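Construct the entire structure; sequences and hints are all you get.
Residue numbers (the working numbering), protein chains in the order written: chain A, 1 to 729; chain B, 1 to 150; chain C, 1 to 283.
Keep in mind that the hints are not guaranteed to be accurate.
Short, incomplete list of chain C residues facing chain A, as computed with Cβ under 7 Å [unchecked claim]:
| hint | residue |
| --- | --- |
| 1 | Val13 |
| 2 | Pro184 |
| 3 | Gly185 |
| 4 | Ser186 |
| 5 | Thr187 |
| 6 | Ala188 |
| 7 | Asp189 |
| 8 | Pro225 |
| 9 | Tyr264 |
The hints are simulated quantities; they were obtained by calculation from the structure and are not laboratory data.
What you are looking at is a predicted structure, and each value in this text was computed from that prediction instead of being measured.
Glycine included, each C-beta is placed from N, C-alpha and C at the ideal position.
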Amino acid sequence: MTSTELSAAEAAGPWVDTGTRPDARDKATGMTKYSADMPVPAGTLEAVLVRSPLPHAEITGIATAEALAVPGAVAVVTAADLPGGLAGRRVRDMPLLARTVARFAGEPVAAVLARSREAATATAALVDIDYRELPAITDPVAALDVASPLVHDAPWGYPGAVITEADGPNLQSVVTGGEPEAVSRALAAATTVVSATYRTPAGHQGYLEPQAWVAFPPENGTTRLWGTTKSPYRLRNQIAACLGQAPESIRVDPAPLGGDFGGKGGVYDASLCVALARLAGRPVRLVLRSEEDLVGTDARHPAVIRVTVGCDAEGRLAGLDFDAVFDGGAYASAKPTPPVNLHGAMDCALGYRLPCYTLRSRIAYTNTVPKGHMRSPGAPQAVFAVESALDELAAAAGINPVELRRRNLLDAGEPDAYGHVWAEARGRETLAAATRGAFCTGEDAPDPHTPSPQERGLAHGTGVAVYARPTPSPAPTSLMLTPLPGGMLEVGVPIPETGTGSHAMIRRQLAAELRLDPSEVVVRQLPTTALPGDPGVGASRVTVGLSRAVARLAEKWRASAHEGPVMVTLPASTEPPALTYCAQVARVAVDLETGQVRILELVSAVDVAEIVNPQAHQMQIDGGAVMGIGFACLEDLLEDDGQVLASNLGEFRLPAAPDIPVLRTVLVADGRGVGPANVKAIGELTNVPVAAAIANAVADATGTRVRELPITAERVYWAIDGRADDSPA
Amino acid sequence: MTVRLSLNGQPREVDVPATASLLDVIRDLGLTAAKAGCRIGVCGVCSVLVDGLPVSSCLYLAHCADGADVWTAEGIAKVRPEVVDAFVRCEGMQCGICTPGQVVAAVAARAELGPAADESQLREYLIGNLCRCTGYATILQAVKAAADGH
Amino acid sequence: MATEPAFVAPTTVQEALSAMQADGALAVGGGTSVGLLLGQSLIEPDVLVWLGRIPALRKITVDRGQLNAGAAVTLRELSWHPAVRSSLPALAGAAGIVGNPRIRAVATVGGAVAHADPRQDLPPVLVALDAAIEITGPAGTRAVPAADLATGPMETVLLPGELITTVRIPVVPSLRSVYLRFTPGSTADYPTVAAAAAASRDPDGTLASVRLALAAVGPTVLAVPEAAELAGQRAPSAAAVAEIADAAARRALPAGSRLGSARYVRAMAAVWARRALTDCLSR
Numbered sequence: 001m002t003s004t005e006l007s008a009a010e011a012a013g014p015w016v017d018t019g020t021r022p023d024a025r026d027k028a029t030g031m032t033k034y035s036a037d038m039p040v041p042a043g044t045l046e047a048v049l050v051r052s053p054l055p056h057a058e059i060t061g062i063a064t065a066e067a068l069a070v071p072g073a074v075a076v077v078t079a080a081d082l083p084g085g086l087a088g089r090r091v092r093d094m095p096l097l098a099r100t101v102a103r104f105a106g107e108p109v110a111a112v113l114a115r116s117r118e119a120a121t122a123t124a125a126l127v128d129i130d131y132r133e134l135p136a137i138t139d140p141v142a143a144l145d146v147a148s149p150l151v152h153d154a155p156w157g158y159p160g161a162v163i164t165e166a167d168g169p170n171l172q173s174v175v176t177g178g179e180p181e182a183v184s185r186a187l188a189a190a191t192t193v194v195s196a197t198y199r200t201p202a203g204h205q206g207y208l209e210p211q212a213w214v215a216f217p218p219e220n221g222t223t224r225l226w227g228t229t230k231s232p233y234r235l236r237n238q239i240a241a242c243l244g245q246a247p248e249s250i251r252v253d254p255a256p257l258g259g260d261f262g263g264k265g266g267v268y269d270a271s272l273c274v275a276l277a278r279l280a281g282r283p284v285r286l287v288l289r290s291e292e293d294l295v296g297t298d299a300r301h302p303a304v305i306r307v308t309v310g311c312d313a314e315g316r317l318a319g320l321d322f323d324a325v326f327d328g329g330a331y332a333s334a335k336p337t338p339p340v341n342l343h344g345a346m347d348c349a350l351g352y353r354l355p356c357y358t359l360r361s362r363i364a365y366t367n368t369v370p371k372g373h374m375r376s377p378g379a380p381q382a383v384f385a386v387e388s389a390l391d392e393l394a395a396a397a398g399i400n401p402v403e404l405r406r407r408n409l410l411d412a413g414e415p416d417a418y419g420h421v422w423a424e425a426r427g428r429e430t431l432a433a434a435t436r437g438a439f440c441t442g443e444d445a446p447d448p449h450t451p452s453p454q455e456r457g458l459a460h461g462t463g464v465a466v467y468a469r470p471t472p473s474p475a476p477t478s479l480m481l482t483p484l485p486g487g488m489l490e491v492g493v494p495i496p497e498t499g500t501g502s503h504a505m506i507r508r509q510l511a512a513e514l515r516l517d518p519s520e521v522v523v524r525q526l527p528t529t530a531l532p533g534d535p536g537v538g539a540s541r542v543t544v545g546l547s548r549a550v551a552r553l554a555e556k557w558r559a560s561a562h563e564g565p566v567m568v569t570l571p572a573s574t575e576p577p578a579l580t581y582c583a584q585v586a587r588v589a590v591d592l593e594t595g596q597v598r599i600l601e602l603v604s605a606v607d608v609a610e611i612v613n614p615q616a617h618q619m620q621i622d623g624g625a626v627m628g629i630g631f632a633c634l635e636d637l638l639e640d641d642g643q644v645l646a647s648n649l650g651e652f653r654l655p656a657a658p659d660i661p662v663l664r665t666v667l668v669a670d671g672r673g674v675g676p677a678n679v680k681a682i683g684e685l686t687n688v689p690v691a692a693a694i695a696n697a698v699a700d701a702t703g704t705r706v707r708e709l710p711i712t713a714e715r716v717y718w719a720i721d722g723r724a725d726d727s728p729a
Numbered sequence: 001m002t003v004r005l006s007l008n009g010q011p012r013e014v015d016v017p018a019t020a021s022l023l024d025v026i027r028d029l030g031l032t033a034a035k036a037g038c039r040i041g042v043c044g045v046c047s048v049l050v051d052g053l054p055v056s057s058c059l060y061l062a063h064c065a066d067g068a069d070v071w072t073a074e075g076i077a078k079v080r081p082e083v084v085d086a087f088v089r090c091e092g093m094q095c096g097i098c099t100p101g102q103v104v105a106a107v108a109a110r111a112e113l114g115p116a117a118d119e120s121q122l123r124e125y126l127i128g129n130l131c132r133c134t135g136y137a138t139i140l141q142a143v144k145a146a147a148d149g150h
Numbered sequence: 001m002a003t004e005p006a007f008v009a010p011t012t013v014q015e016a017l018s019a020m021q022a023d024g025a026l027a028v029g030g031g032t033s034v035g036l037l038l039g040q041s042l043i044e045p046d047v048l049v050w051l052g053r054i055p056a057l058r059k060i061t062v063d064r065g066q067l068n069a070g071a072a073v074t075l076r077e078l079s080w081h082p083a084v085r086s087s088l089p090a091l092a093g094a095a096g097i098v099g100n101p102r103i104r105a106v107a108t109v110g111g112a113v114a115h116a117d118p119r120q121d122l123p124p125v126l127v128a129l130d131a132a133i134e135i136t137g138p139a140g141t142r143a144v145p146a147a148d149l150a151t152g153p154m155e156t157v158l159l160p161g162e163l164i165t166t167v168r169i170p171v172v173p174s175l176r177s178v179y180l181r182f183t184p185g186s187t188a189d190y191p192t193v194a195a196a197a198a199a200s201r202d203p204d205g206t207l208a209s210v211r212l213a214l215a216a217v218g219p220t221v222l223a224v225p226e227a228a229e230l231a232g233q234r235a236p237s238a239a240a241v242a243e244i245a246d247a248a249a250r251r252a253l254p255a256g257s258r259l260g261s262a263r264y265v266r267a268m269a270a271v272w273a274r275r276a277l278t279d280c281l282s283r
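Now the structure itself:
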């Protein structure tokens with residue numbers, strides 16, 4: 001490409017806008033500004049964090065003279081310079097910078113401020129911190145034992161803590177449920193019972209945009225910031241709580257997100273950036289390196305889950321016992337829900353007809369990276385365990401695993417294990433759609449696969465897994481509609497575009513409601529000062545909640561004089577949630593000589609109602625399935641003795657394009673959704689059953705069961721009968 | 001030390017240390033489509049074209065670009081609108097953070113593989129352009145459409 | 001660093017050698033290794049000597065049964081070159097699979113070889129092809145067999161002030177070469193094990209030479225001299241091939257890593273050595 005080509009080409013070519021996504025053109029032309037791209041005022045200081053190399057250590061001294069001598073260095077900030085507030089989304093247990101003790105390798109101990117990124121990096125390298133190493137506890141099961149070192153001396157004392165002193169050591173939260181006695185009796189009487197322990201590793205949301213924050217010193221009582229948050233109002237409130245000020249005094253400005261998947265709801269880096277700006281009296285920019293995201297932010301909880309399940313002679317489930325220990329890491333601060341636990345675990349007994357269940361989900365403190373939420377938190381781990389166990393039960397009972405599920409998936413109108421009656425329960429249709437889609441025979445039984453010449457020597461197998469989750473009822477939110485000069489309408493929204501197409505959906509729906517062309521509507525995220533509030537992106541609530549609000553906004557606009565801005569604020573709805581199913585079938589070919597698992601095909605059957613944007617909807621299905629494959633087969637942060645060994649994207653491998661097998665989708669249409677848009681959640685669905693489907697397929701192919709993720713070739717290799725004894729030392 | 005390069009068709013001159021990366025130079029000039037992601041050449045969000053070749057600008061020494069013809073996604077968008085159109089039409093993005101790199105890859109794929117490249121060749125070509133959102137299907141459609149439509 | 005590092009872009013080998021005599025001088029091919037090490041603050045060179053502007057180092061020539069690739073030839077150029085594709089397909093294949101298109105567009109043959117990461121794709125192929133690495137220094141030129149270049153992970157026999165200038169590979173019409181790369185996780189990852197095999201035959205079909213080398217099974221690329229035992233045969237039996245593969249596994253010294261435990265890598269060394277040989281001998 002030369003300069004002469006530029007002028008010729010510039011004169012040519014129309015700009016085509018199909019109007020499907022309002023942000024598409026800016027993204028494709030590189031014009032979209034993310035948090036680290038937005039210009040900052042001259043004089044903005046760059047911040048770099050100095051992190052503890054040890055998982056548990058007393059901080060005995062911080063020497064800064066050599067660091068401060070670096071040209072461009074402005075300050076080395078430690079906990080002593082900052083307010084003593086603790087950060088957290090629910091439990092506030094994390095200091096902005098470690099004070100006297102570092103509790104995980106990667107915990108920020110000092111923050112360097114300098115005039116440039118290079119100067120900040122050079123300065124940070126020279127900050128001299130003395131540590132006295134302390135015994136570290138890194139195994140979550142061992143952490144709950146009274147003999148283990150304590151991560152926190154008195155965690156029940158933290159604001160928002162949900163545990164008490166009597167609950168035992170190193171516990172972030174415990175949720176129990178069900179009827180233990182009934183389950184004991186049921187399993188004792190059952191014809192077939194299996195019990196096994198399943199393990200999943202630490203993972204990460206793997207968004208490609210590292211976390212970034214820009215904060216300004218207070219001006220007229222207001223502190224301004226922008227950064228990588230998916231829930232600006234919650235962030236505002238949490239920063240306010242941490243720093244002891246009124247939420248209205250903090251203004252979070254809009255910024256689009258380069259991927260979230262649950263990982264950008266954290267508060268400590270944002271709170272720290274605000275505190276640094278206040279201290280410095282200058283704007284401060286904190287942009288993490290990608291390794292810092294992997295090592296220091298909101299990883300997915302590793303799990304050790306014991307599942308015991310039994311059935312009668314006809315394969316009807318008699319009872320389920322689910323006992324999980326999750327590794328919550330050094331701080332509980334990243335978990336946002338009231339029980340400070342994981343809904344995926346709490347919902348482990350959902351979707352099937354189950355006379356009784358018991359559930360215990362404990363989250364332990366360990367000296368590792370604090371764990372947070374990732375795309376259907378707790379569910380990928382829980383469903384891997386339960387759906388693997390169901391296949392093991394089927395094998396022990398001599399029943400086809402598809403048939404076992406068919407006999408036990410819930411019907412509408414009957415109570416589930418929790419005693420809840422769902423207006424609609426389409427598990428069996430969804431399962432049938434998946435198996436039909438995979439086997440193309442119209443029947444539920446696996447279609448024998450004839451291997452091609454290249455595939456000879458490979459063992460073929462098929463596995464299924466089913467996942468049920470609620471589509472939540474509409475969440476509280478607010479929207480504003482403003483007429484713009486020139487006739488367009490602007491919808492002001494409280495949440496960023498994280499990539500799911502939420503802004504496009506709003507535009508389309510409002511345009512349809514007001515009988516306008518979508519090009520006449522523009523959607524803009526507003527700063528937190530402009531609207532009352534919204535809980536933020538997540539929990540699959542965006543489409544449902546916003547569609548309800550858009551409908552109300554259109555109503556109010558129609559009734560108004562069309563002259564000035566119109567706002568709607570909606571409380572949480574009382575509409576009941578809808579049960580939503582996803583069934584997947586995985587077909588694999590296993591090289592028995594190496595253990596390598598090739599996924600030939602993954603079929604996802606999805607229980608849907610109305611679909612607002614088919615293209616965006618399909619991308620959630622595909623993107624979710626691919627994330628599920630990553631969880632099942634590839635991703636492991638390799639936490640070892642408190643160190644993250646896979647600390648960059650060259651070691652923590654996300655699925656690349658050639659890794660993707662054939663993905664097929666079967667939509668089970670005409671379901672009953674939630675809200676005026678009549679939708680069912682899709683964002684946290686197809687990533688969940690994948691691991692079990694693949695593990696079940698591998699078991700079908702090889703006769704061996706892998707109970708630990710990721711399903712690597714080496715794990716399969718050693719699991720194959722007799723292998724472990726065979727090799728040279 | 002001075003580096004003179006052509007950036008999106010415009011002559012630019014910068015004074016940078018020997019160890020500066022091309023990515024830092026581009027971003028300091030206000031062009032933010034190329035981004036800092038993994039910083040080790042595997043994710044693709046820093047992709048640019050240098051003398052027509054796709055390059056990880058996070059690893060490329062700025063001084064190696066002295067005298068070179070460098071194009072970022074912003075510039076490519078102006079001279080190859082059909083590539084942008086392909087991504088918009090196919091909705092080849094979600095969060096968009098990988099999109100500028102995919103646009104660069106689309107142009108590079110067309111140049112290296114030719115217009116008749118099939119889906120599996122294009123899929124292999126994108127091995128270094130990670131996407132966490134889409135599952136790659138719409139990106140591949142866009143890259144294929146961009147290759148065909150040239 | 002007391003002073004700011006310098007950057008020089010010589011246009012001849014002589015100029016490059018002069019520049020390399022300075023203290024703390026580091027040769028740069030495409031910059032993918034150097035750029036990465038700089039970005040991670042793992043090196044502090046005083047002079048960066050970029051070889052990309054030296055025409056003499058950017059040529060591929062075929063001459064008297066030998067293919068010569070200049071050290072600054074890129075992997076992309078090597079993989080697309082018609083002579084490489086037709087007579088050394090394993091080399092074209094390996095060069096065409098390294099990393100991703102952006103890496104291959106700028107990474108050089110010399111830089112790849114000098115990097116000496118035991119997991120790299122090119123070294124086992126060069127060993128199987130009996131390549132020689134030509135090194136030029138102030139005292140003159142010397143040739144080192146590809147198998148002898150690396151002495152340990154990221155360590156070579158290169159002395160300070162020396163440059164790799166050419167990679168020379170014998171080309172024989174009967175030569176068949178194969179490179180197999182085992183990436184059981186992401187295909188974008190380093191291999192757990194990789195195996196390169198090459199065989200040439202006499203006019204009557206008897207094997208004249210058989211060479212085998214493995215990557216990712218020890219601190220350096222692993223040459224398996226036992227493969228030569230197959231020479232003189234026409235159609236070695238599966239058992240004979242398996243013996244060579246077992247020899248490869250016995251020679252392997254895997255450290256164990258995220259990509260595979262030592263036991264697993266050793267087992268895979270045998271499997272993939274056998275597969276590479278079998279594939280190569282069947283062509």
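Structure-based check of each hint:
Checking Val13 (chain C) against chain A: minimum C-beta separation of about 31 Å lies over 7 Å; hint violated. Evaluation of the Pro184 (chain C) hint against chain A yields a held restraint, the C-beta minimum of about 3 Å falling below 7 Å. A cut of 7 Å between beta carbons decides the hint on Gly185 (chain C): the least distance to chain A is about 5 Å, and the hint holds. Because the smallest distance between the Cβ of Ser186 (chain C) and any Cβ of chain A comes to about 4 Å, under 7 Å, the interface hint for this residue holds.
Hint status for Thr187 (chain C): holds, given a least beta-carbon distance of 5 Å to chain A, under 7 Å. Taking 7 Å as the C-beta cut-off, the interface hint given for Ala188 (chain C) holds, the closest approach to chain A being about 4 Å. For Asp189 (chain C), the interface hint holds, the least distance from its beta-carbon to any beta-carbon of chain A being 5 Å, beneath 7 Å. A cut of 7 Å between beta carbons decides the hint on Pro225 (chain C): the least distance to chain A is about 20 Å, and the hint is violated.
Interface hint status for Tyr264 (chain C): upheld, as the beta-carbon distance to the closest one in chain A is roughly 5 Å, under 7 Å.
In summary, the structure is inconsistent with hints 1, 8 from the numbered list given earlier, while agreeing with the others.
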